[in-house]
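Enquirer: Quick note, the sequences are listed as chains A and B, same order.
According to the numbering used here, the first sequence holds residues 91 to 469 in order.
According to the numbering used here, the second sequence holds residues 870 to 1166 in order.
One thing to keep in mind: the hints can contain errors.
Stated by the list, open to error - Which residues of chain A face chain B? A partial, calculated answer using Cβ under 7 angstroms:
(1) L154
(2) Y158
(3) R347
(4) L348
(5) G349
(6) V352
(7) L360
(8) P362
(9) V365
(10) G366
(11) A374
(12) R376
(13) M378
(14) I452
To be verified - Take a look, some chain B residues computed to stay more than 10 angstroms from chain A by CB distance:
(15) D909
(16) Y953
(17) P954
(18) E1123
(19) R1128
(20) R1158
(21) L1164
Claimed, not checked - Chain B regions said to be covered by chain A (calculated; three or more residues, Cβ under 8 angstroms):
(22) 1095 to 1104
(23) 1133 to 1147
Worth flagging that the hints you see were computed from the coordinates, not collected in a lab.
Nothing here was measured: the structure is a model prediction, and the numbers come from that model.
Virtual Cβ for every residue (Gly too), placed ideally from N, Cα, C.
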Amino acid sequence: MELTQFRQALDAWLDEHATELTPSGHGLDEAMTHLSKVKRLAYDAGWMRWGWPQRVGGLGGSPLLRGYLGEALTARGFVEAGIYSLTEVLAPTMIDFASAELAAEMVPRLLRGDETWCQGFSEPSTGSNLGSLTCKAVATDLGWRVNGQKVWTSLAQFAQRCVLLTRTGTPESAHSADKHRGITAMFVDMDSPGITIRPIETMHGAAEFCEVFFDDVDVPAARTLGAEGQGWAVAMDLLPYERSTALWHRGALLHRRLGDLVAEAPQDSLSPRDVGAVLEQIYAFRAMSRRTLHRLDAGETLGAETSLDKVVLQMAEQSLFDLVAEGLADQVIFGDGDTDAEWRSEFLYSRAATIYGGSAEIQRNIIAKRLLDLGSETP
Amino acid sequence: MEEADLAAFTAALRQAAERHRGDFDTGLDDIGWREALVDDPAATRAVFAVQGELNLSSSALDDVLLHALGDAPNPHTAVLIAPYPIGTRRLATASHIISVDAAGVISIPPDAPALRTVHGVDPDGGWVELGGSFEVHVMGGCVPPPPRDVALGAGRLAVATELAAASRAMLDLARYHAMNRIQFGKPIASFQAVRHRLADALIAVASAEAAVDAAWLEPSPYTAAMAKAIAGHSARTVARHAQQVLAGMGFTSEHPFHRYFRRILALDELLGSAAELSTKMGSEAIRDRTIPAMLKL
Chain A
91 MELTQFRQAL
101 DAWLDEHATE
111 LTPSGHGLDE
121 AMTHLSKVKR
131 LAYDAGWMRW
141 GWPQRVGGLG
151 GSPLLRGYLG
161 EALTARGFVE
171 AGIYSLTEVL
181 APTMIDFASA
191 ELAAEMVPRL
201 LRGDETWCQG
211 FSEPSTGSNL
221 GSLTCKAVAT
231 DLGWRVNGQK
241 VWTSLAQFAQ
251 RCVLLTRTGT
261 PESAHSADKH
271 RGITAMFVDM
281 DSPGITIRPI
291 ETMHGAAEFC
301 EVFFDDVDVP
311 AARTLGAEGQ
321 GWAVAMDLLP
331 YERSTALWHR
341 GALLHRRLGD
351 LVAEAPQDSL
361 SPRDVGAVLE
371 QIYAFRAMSR
381 RTLHRLDAGE
391 TLGAETSLDK
401 VVLQMAEQSL
411 FDLVAEGLAD
421 QVIFGDGDTD
431 AEWRSEFLYS
441 RAATIYGGSA
451 EIQRNIIAKR
461 LLDLGSETP
Chain B
870 MEEADLAAFT
880 AALRQAAERH
890 RGDFDTGLDD
900 IGWREALVDD
910 PAATRAVFAV
920 QGELNLSSSA
930 LDDVLLHALG
940 DAPNPHTAVL
950 IAPYPIGTRR
960 LATASHIISV
970 DAAGVISIPP
980 DAPALRTVHG
990 VDPDGGWVEL
1000 GGSFEVHVMG
1010 GCVPPPPRDV
1020 ALGAGRLAVA
1030 TELAAASRAM
1040 LDLARYHAMN
1050 RIQFGKPIAS
1060 FQAVRHRLAD
1070 ALIAVASAEA
1080 AVDAAWLEPS
1090 PYTAAMAKAI
1100 AGHSARTVAR
1110 HAQQVLAGMG
1120 FTSEHPFHRY
1130 FRRILALDEL
1140 LGSAAELSTK
1150 MGSEAIRDRT
1160 IPAMLKL
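From just these sequences and the hints, can you work out the full model?
Expert: Printed below as a string of structure tokens:
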């Protein structure tokens, strides 16, 4: 299936099914229900299966097809880019590290919207310094017993499964030079006894992130992803996927919202120069991200250079919503209607763009060390 | 051009630059630039990239514009695109000057214009300004000219390519300095503040290179304008960060940085500055209450 052909056929299908695909309510619960519906329709019609290997229910084909699907759904407002793109991030990890049987059983459920998955990485004492994680897993006769806490776990309250990073090495290893070696990834059922989920209220108004507590949670050995002690490789494997299609989809969201901004802003509320600057930033991001996706398509290994894409997107998102807060000031700052609340929530959420998924500072550290080759940093 | 031929052409360009440091036009003549230009757009890209990288000055832009207008590139014809009054050094020596505006191509009588050799911020650039008023004669006997937009797009893309390459060169100067300048017993490249500043410069360079790349892949007035705007803005950003890292050394006349800084300021002004293009695109979006589709996957 070739991209041009896919694009034409998908666009026609999306036009035909626009009514069903358009969300009707507001809020996170509604968005999640609607997302499952959209994924199911897209899966059953075949679209969702392109770009994934056949052995996990896919139809094969290029990652560009997945890229376009997410872009098209986002551009039309049928899905919210952030929650849609989690699939792009978690499915490849399962495909690369789960046993063939487990991947074949589980990935189709994610693609079809029958399940939601979450990612258990960050902890209260472990943010940027992921290697220091301490959520513990000890070996038992049947597999692992997990104790600890995760935080910032997106959509945990909706999730059936969790891709969880645990420390199976010694507690001391968390702070040693060897810290990466004591980490093991596993695929945990969220209805396991001992799991408690607490959504976190955040300033943008949608409680999409959670604390997740693990009290003597048993995980079967067959649910280990990769080998024991290979968890760091699993985490690192995730990154190129996070930095390719997922970012492309978010870029499509920014493009759509900039269009909405100029359509809705009152006369003389926007400076042409500022609008031009945001147009340039979004365009530059698209040029960079498109190149990344084509490299992925060509089978190239994506590395630290994707930090450049991430940073440009972070800056574009914040510039866009800074402009939104100016051009639609009355709505964002004082308005109480539904669309006002939506703009306001997005503006507030954009403040976190430089924080999640690798902060702006961490990205610059990576760029300095790995792309500019500046040697070691003075501690 | 095959990849091997392009590599050979680029190598020849660098050698020509070495031999003819002060006069890249002679160097370009030597390696058959005008034939290559007609043969393959990759030649144009290579010339302007090397020019930007090595801080060279030539009148290659006139050849690019002539070719885009459907004319034969030659050293005796200079081209200006209205309303931009600044051209290359060729304006001062050409026997034939043409100006392109929305109505078409007009031939400017050689004795009519007031030509001023510009010193300004970039005296080594060889820029010439066309001033004064003159009677215009529509060129007789030629086929309907291609739209001004096509020529403008070609020119903007060439200059954007040069801007992006100059930006990369400024970053390289700053990086080299940071790795070698020792303070407090360490290279300043080891200090996070300096590292982050260089990272910001690389981000700007990467944006410019991607926009230039996209325009070479799919040339159009739109992609060329975007490349020019992004490359112009990026160059100023990179100059600011590089200048700061280069500190005292970079502020001297002896260090090459200032020549790059002067050049990017002039290049940004050619054929529509980043500020002008950006503001225009913003105005159009506000007026139309819509933004254009951008770059298909």
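Enquirer: The structure should be examined with respect to each hint, and the outcome stated for every one.
Expert: Hints, one by one, checked against the model:
1. A least Cβ separation of about 6 angstroms between A:L154 and chain B falls short of the 7 angstroms threshold, and the interface hint therefore holds.
2. Hint on A:Y158 holds. Least Cβ distance to chain B is approximately 5 angstroms, under the 7 angstroms limit.
3. Interface hint at A:R347: violated, since its Cβ lies 10 angstroms from the closest Cβ of chain B, which is beyond the 7 angstroms cut-off.
4. At its closest, the beta carbon of A:L348 sits 6 angstroms from a beta carbon of chain B; the interface hint therefore holds under the 7 angstroms criterion.
5. The closest approach between the C-beta of A:G349 and any C-beta of chain B is roughly 5 angstroms, which is under the 7 angstroms cut-off, so the hint is satisfied.
6. Among the interface hints, the one on A:V352 holds; its C-beta lies about 5 angstroms from the nearest C-beta in chain B, closer than the 7 angstroms criterion.
7. Contact between A:L360 and chain B, as hinted, is supported at the beta carbon level, the nearest pair being about 6 angstroms apart and thus within 7 angstroms.
8. Interface restraint check: A:P362 against chain B, minimum CB-CB distance 4 angstroms, threshold 7 angstroms, status holds.
9. Given hint, A:V365 at the interface with chain B, holds; its Cβ is 3 angstroms from that chain's nearest Cβ, closer than 7 angstroms.
10. For the restraint placing A:G366 at the interface with chain B, the shortest Cβ-Cβ distance is roughly 3 angstroms, inside the 7 angstroms limit, so the hint holds.
11. Interface restraint check: A:A374 against chain B, minimum CB-CB distance 4 angstroms, threshold 7 angstroms, status holds.
12. Interface hint status for A:R376: upheld, as the beta-carbon distance to the closest one in chain B is roughly 5 angstroms, under 7 angstroms.
13. At its closest, the beta carbon of A:M378 sits 4 angstroms from a beta carbon of chain B; the interface hint therefore holds under the 7 angstroms criterion.
14. Because the smallest distance between the Cβ of A:I452 and any Cβ of chain B comes to about 11 angstroms, over 7 angstroms, the interface hint for this residue is violated.
15. B:D909, annotated as away from the interface, keeps every beta carbon of chain A farther than 10 angstroms; the closest lies near 22 angstroms.
16. Against the 10 angstroms criterion, B:Y953 stays outside the reach of chain A, whose nearest CB is about 19 angstroms from its own CB.
17. With a minimum CB-CB distance of about 23 angstroms to chain A, B:P954 clears the 10 angstroms threshold, and the non-interface call stands.
18. Non-interface call for B:E1123 relative to chain A: holds, since the shortest CB-CB distance, roughly 25 angstroms, exceeds 10 angstroms.
19. Distance check for B:R1128 against chain A: the nearest CB is about 23 angstroms away, which clears 10 angstroms, and the non-interface claim stands.
20. Separation of B:R1158 from chain A is inadequate, the least Cβ-Cβ distance of about 5 angstroms not exceeding the 10 angstroms criterion.
21. A beta-carbon of chain A is positioned within 10 angstroms of the beta-carbon of B:L1164; the least distance is around 5 angstroms.
22. With 4 residues carrying a beta carbon less than 8 angstroms from a beta carbon of chain A, the stretch 1095 to 1104 of chain B meets the three-residue requirement, and the given coverage holds.
23. Taking a C-beta to C-beta cut-off of 8 angstroms, the stretch 1133 to 1147 of chain B contributes 3 residues in contact with chain A, enough for the three needed, and the coverage statement holds.
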